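Enquirer: What follows is the residue order along each chain.
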Amino acid sequence: MKMLVRGLAASLFALSAGAALAQTTLLNASYDVARDVYKDYNPMFQKHWKATTGETLELKQSHGGSSKQVRAVADGLEADVVTMNQANDIEFLAEKGLVAKDWAKKFPNNASPYTSAMVFIVRKGNPKGIKDWSDLAAPGTQVILPHPKNTGNGRNTYLSAWAWALKQPGGNDAKAQEFLGRLLKNAPLFAAGGRDATTTFMQRKMGDALVTFESEAEMIAKEFGKGEFEVVYPSLTMQTEFPVAVVEKVVDKKGTRKQATAYLEYLWSKEGQENAAQNYLRPRDPELLKKYAHFFPPVKTFTVDEVFGGANKAFATHFKDGGSFDQVYVAK
Amino acid sequence: MKSNRATQEPGWVRALLLATGLGFLFFFLGLPLVAVFVEALAQGWPAYVEALKDSETRSAIWLTVLIALAVLPFNILFGVAAAWAIAKFDFRGKSLLITLIDLPFAVSPVVAGLIFILLFGAQGYFGPWLAANDVKIIFAVPGMILATLFITFPFIARELIPLMQSQGKDEEEAAVSLGASGWQMFWRVTLPNIKWGLLYGVILANARAMGEFGAVSVVSGHIRGETNTLPLHVEILYNEYNAVGAFAAASILALLALVTLVAKTVVEWRMKKETDMLNTVLAPEKT
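Going down the list, the protein sequences come from chains A and B. Residue numbers for the first sequence follow the working numbering, beginning at 1 and rising by one. Residue numbers for the second sequence follow the working numbering, beginning at 1 and rising by one.
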C-alpha cells in the first residue's frame, strides 16, 4: 500500500514537474468569448517580447464564464494574468488578496484596454420600430436578456436601462425603478447567459429585441449570417469595460511578474489596440477609433463609475438580495 | 409458445405502446444524434475536417482518451477487489462498503468535483502543502483523473457483485481443495467466470469516463490544449459561436458512444451465449 501511494505521488509529481521545466509560460484566464481577441494577440506579443528581450514565451489560455474563472483562480488555477469582462470579478480576487487592491490604477483607463457598449439586436427590417429603451418597455414588445441578478450581460442591460430612465426629463430613482418594472415584464424569460440569450433570440426566434454587447453582434453574424438581424444603438447606453490584472500571488511564485505586466501593457500598444478594434471591441486609442469608425458608430455612453459610483456599489444597490431588482421583479 | 388471453393486450393498445416507445426513442435519441452530425456538417466536409484538425480539438481528444486509459486500470483493480470481497466473503461492515461503492452514483458530479477542490484547492486542506511542494493536482491532469476515477468507480463493482454472488464460491472452494494457490484460483477459476461481466463494466465505465462533464469541469481550469477534455471543449466552442467546431467535436463523442454501444451489444451477446451453453451442459445433471 505504501509503495502504491509513493508510486502514485511520484507519477503525479512527474506530470506536474514536466510543465515546470519547460520555458517560461504565462497563463491568461479569460471570459468565454475572449478567444478571438487573444488568439491573434498572443503571437503578436510573443514576437514583440522575443524582439525586445530575446526570451521565448509560451502563452496559454483558459476560457470560461467570467465568475467561474475567478473562482478557479482563487482556488489555485495558476493564472499569471486575468482578463475579464466585469470589474466585480477582479474585485473578488482583490478581496482574496490575489490581485493588488488598487488593480484598477495599475494600468491606464481603469485597467480596461478596450470597451464595448450595450446595444439592441432586432429582427431584419426592425418590424416593431425599436429605437430606444422606452420601446423595449412598450406593451406588446418582447425583450430577451440574460438574468440580471447573476450574469454580467443581464446586469449591464439592467443598469443601462436604469441610467437611461434616470437621464430622462424629470427622471429619478423611483421613476427608473418603475420603468425597469415595465421593461422586465416584457421579458418572457431570463436566459442563463449571453450565449443562451442569443440562441433563444436567433434560433428559437423568441422576442423582438435582444440586448447584448456591441462586440457580440459580430459573433452572432459569424454564426447566423448578417442578413438575419439589425443592430440598434439606443440614445444612451453603458460603456462596458474589460478589466485586466496581474495575479500577484502567482507571478511572485513563478517569477513571471515582468512578463505578465508587459503582456498586459502591450494591450495598449498600437498593435494591441488595432487587434481589439478588428475584433469589434472599441479601442482606447482615439486615432484607431476613428480609423475603425465604420465598426463603431458614435453612441452616447456612460460608465458605471459615473452613474452608479462603481461596480461594487451598483451591485450592492441593485442586485444583492432585497436590492432594486428583487423589488422590481416580482416573479410571474 | 401459445399466447395467453390474459396476457394479450388488444391490438390498439399494443400499437399505442409501441408508437409511444418508438416515438420517444426517435425524439430523444435518434433526432439529437442526427442533429449533431447535421450541424457538424452544416458548412460541408472541408469545414468539418478543418475543425477536427484544430490543435486544441485534437489535444482534447487525446486528453479524453488519456484520462479514460488512466482511470480504467484503477477501476478494474478496485472493482474486482471490492466485488470479490463482497461476493465471496462475510465480514463486518459489508453493507457499509456496498453503500460506499454506490456513493458516486448518489452524489452529483459537480459536488464530486467540489470535494476535490475542497481537498486540494488553494484554500483546501492539502492546498498549502501542495503549493509549497509545487505539486499540481487541481486544474491539472491529475485532478481530472481523480475526479473521473471517483465518478466511474462503481460501474465495474456494481456489474460484478451480482454476477459473482450468483456464481457462489463452490468452484473456488473446489480449486483450493485440489491444491490451487490463491493466484491460480483467481486466474484459472474466478477470472474466466467473470470476464464478460468485467468487460461489460469496463465498457460502461469507459463511456462514462469519456463523457463526464460536471466533475471534470470543476477541476479542469479550462486551459486550452492542456486541460480541456472533449465535453468541455464542446461547451467552450459553442459559447464562442463556433457551431461547426462544437458539433464536430460532439460528433467525435457521439462516434465514441456508438462504438461503445456496439461493443456492449457484442459483449451482451457473448455473455448470453456462454450462459446458454453452460445451462445446456449442466442441464442433464438436474433432476
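Source of the hints: derived by calculation from the structure; they are not laboratory data. The model shown is predicted, which means the values in this text are computed figures rather than measured ones. One or more of the hints may lead you astray.
[Claimed, not checked] Not the full set, but computed from the structure, chain B residues with beta-carbon under 10 Å of chain A:
1) Y48
2) Q123
3) G127
[To be verified] Over the 10 Å line for every Cβ pair with chain A, so calculated as not near, a few chain B residues:
4) I117
5) K136
6) I138
7) G182
8) L199
9) V202
10) G221
11) I223
12) R224
13) E226
14) Y238
15) N239
16) E240
17) L258
[What the hints assert, rightly or not] Non-contacting residues of chain A with respect to chain B, defined by C-beta distances greater than 10 Å in every case (computed):
18) D32
19) R35
20) D36
21) K60
22) G64
23) Q69
24) D75
25) F92
26) P169
27) R182
28) G193
29) R195
30) E223
31) E265
Even for Gly, the Cβ is constructed at its ideal location relative to N, Cα and C.
Enquirer: Does each hint fit the structure? Answer for all of them.
Expert: Evaluation of the provided hints:
no.	hint	verdict
1	Y48	16 Å, violated
2	Q123	7 Å, holds
3	G127	6 Å, holds
4	I117	5 Å, violated
5	K136	4 Å, violated
6	I138	6 Å, violated
7	G182	18 Å, holds
8	L199	25 Å, holds
9	V202	21 Å, holds
10	G221	4 Å, violated
11	I223	5 Å, violated
12	R224	5 Å, violated
13	E226	6 Å, violated
14	Y238	7 Å, violated
15	N239	5 Å, violated
16	E240	5 Å, violated
17	L258	26 Å, holds
18	D32	5 Å, violated
19	R35	5 Å, violated
20	D36	8 Å, violated
21	K60	5 Å, violated
22	G64	5 Å, violated
23	Q69	8 Å, violated
24	D75	4 Å, violated
25	F92	13 Å, holds
26	P169	40 Å, holds
27	R182	31 Å, holds
28	G193	8 Å, violated
29	R195	5 Å, violated
30	E223	4 Å, violated
31	E265	23 Å, holds
Hint violations for this structure: numbers 1, 4, 5, 6, 10, 11, 12, 13, 14, 15, 16, 18, 19, 20, 21, 22, 23, 24, 28, 29 and 30, all remaining hints satisfied.
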